[in-house]
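**Student:** Counting from 1, one number per residue, gives the positions in the sequence shown under this note's numbering.
These aren't lab readings, by the way, just hints derived from the structure by calculation. A portion of the hints provided could be inaccurate.
[Said to hold, decoys possible] If you anchor each label on the Cβ, the simulated ranges turn out as follows:
#1 LYS99 with LYS37: 26 to 32 angstroms
#2 LYS31 with ASP70: 31 to 37 angstroms
#3 GLN71 with GLU132: 34 to 40 angstroms
#4 PRO114 with GLY137: 32 to 38 angstroms
#5 TYR24 with VAL82: 21 to 27 angstroms
#6 ALA21 with ALA126: 20 to 26 angstroms
#7 LYS37 with PRO114: 20 to 26 angstroms
#8 LYS99 with GLN28: 19 to 25 angstroms
#9 PRO81 with LYS31: 24 to 30 angstroms
#10 ASN84 with ASP38: 15 to 21 angstroms
#11 SER110 with SER86: 14 to 20 angstroms
#12 GLY88 with GLN28: 15 to 21 angstroms
[Said to hold, decoys possible] Think about it this way: if two alpha-carbon atoms lie no more than 30 angstroms apart in a straight line, the pair counts; the simulated DSS-like pairs of lysine-lysine are:
#13 LYS136 with LYS31
#14 LYS131 with LYS31
#15 LYS111 with LYS99
#16 LYS73 with LYS99
We put the beta carbon where it would ideally sit given N, CA and C, even for glycine.
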Amino acid sequence: MLKKIALSVALTILATGTALAARYIEPQQLKLLIERKDPVMLLDIQPATDFEQHHLPGSIETNAFPAKSDQEKKRLDKIVPVINASDGPVVVICPRGRKGAKNSYDYLISKGVPESRLQILQDGIAGWPHKELLVKGR
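All chains, please: the whole structure from these sequences, using the hints.
**Tutor:** In structure tokens:
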């Protein structure tokens with residue numbers, strides 16, 4: 001009986017881990033891409049007031065956070081053709097790099113954006129250690 005419970009718990013953890021899987025980019029890696037001016041699309045989903053307070057240079061403002069409702073997801077629809085017309089990586093940036101970013105990531109995949117092009121900024125804009133690169137205002 002104990003073995004069955006342990007197996008059940010292990011399978012649940014494995015299934016949850018797979019369901020939450022996404023590709024992440026560390027802040028230092030993204031900083032290098034920005035500094036080298038590599039082609040990378042920065043898709044910022046922060047609410048408008050947060051975006052105005054701070055965002056990364058060149059970020060595309062969508063205000064889709066937390067990308068749960070149909071209305072929030074529709075804010076991402078206008079950027080899908082832009083993503084599809086490009087070929088570089090796309091980094092989703094949200095307040096903390098968690099559920100809202102994952103919701104956006106999954107939604108973009110459902111709209112045909114290849115998962116191989118998508119990444120989420122680890123720890124979001126709140127965890128961005130390179131404050132000198134932040135832009136304030138629009």
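**Student:** State for each hint whether it applies.
**Tutor:** Do the hints match the structure? See the list:
At about 31 angstroms, the CB distance of LYS99 to LYS37 agrees with the hint of 26 to 32 angstroms. A hinted range of 31 to 37 angstroms for the beta carbons of LYS31 and ASP70 is consistent with their spacing of about 34 angstroms. One distance hint, 34 to 40 angstroms for the beta-carbon pair GLN71 and GLU132, holds here, with the actual separation near 35 angstroms. Separated by about 33 angstroms at the C-beta atoms, PRO114 and GLY137 satisfy the suggested range of 32 to 38 angstroms.
Take TYR24 and VAL82: their Cβ atoms lie about 22 angstroms apart, and the range 21 to 27 angstroms holds. One distance hint, 20 to 26 angstroms for the beta-carbon pair ALA21 and ALA126, holds here, with the actual separation near 22 angstroms. For the pair LYS37 and PRO114, the beta carbons lie near 23 angstroms from each other, so the given range of 20 to 26 angstroms is met. Between LYS99 and GLN28 the beta carbon distance is about 24 angstroms. The supplied range of 19 to 25 angstroms therefore holds.
As the Cβ distance of PRO81 to LYS31 is approximately 28 angstroms, the hint placing it in 24 to 30 angstroms holds. Taking the beta carbon of each, ASN84 and ASP38 are about 19 angstroms apart, inside 15 to 21 angstroms as hinted. Between SER110 and SER86, the C-beta spacing of about 19 angstroms keeps the proposed range 14 to 20 angstroms intact. Between GLY88 and GLN28, the C-beta spacing of about 19 angstroms keeps the proposed range 15 to 21 angstroms intact.
For the hint pairing LYS136 with LYS31, the CA-to-CA distance comes to about 17 angstroms; that is within 30 angstroms, so the pair holds. With a C-alpha separation of about 11 angstroms, the suggested pairing of LYS131 with LYS31 holds against the 30 angstroms cut-off. At most 30 angstroms may separate the alpha-carbon atoms for a hinted pair to count; LYS111 and LYS99 meet this at roughly 18 angstroms. As the CA atoms of LYS73 and LYS99 are separated by approximately 13 angstroms, the hinted pair is consistent with the 30 angstroms bound.
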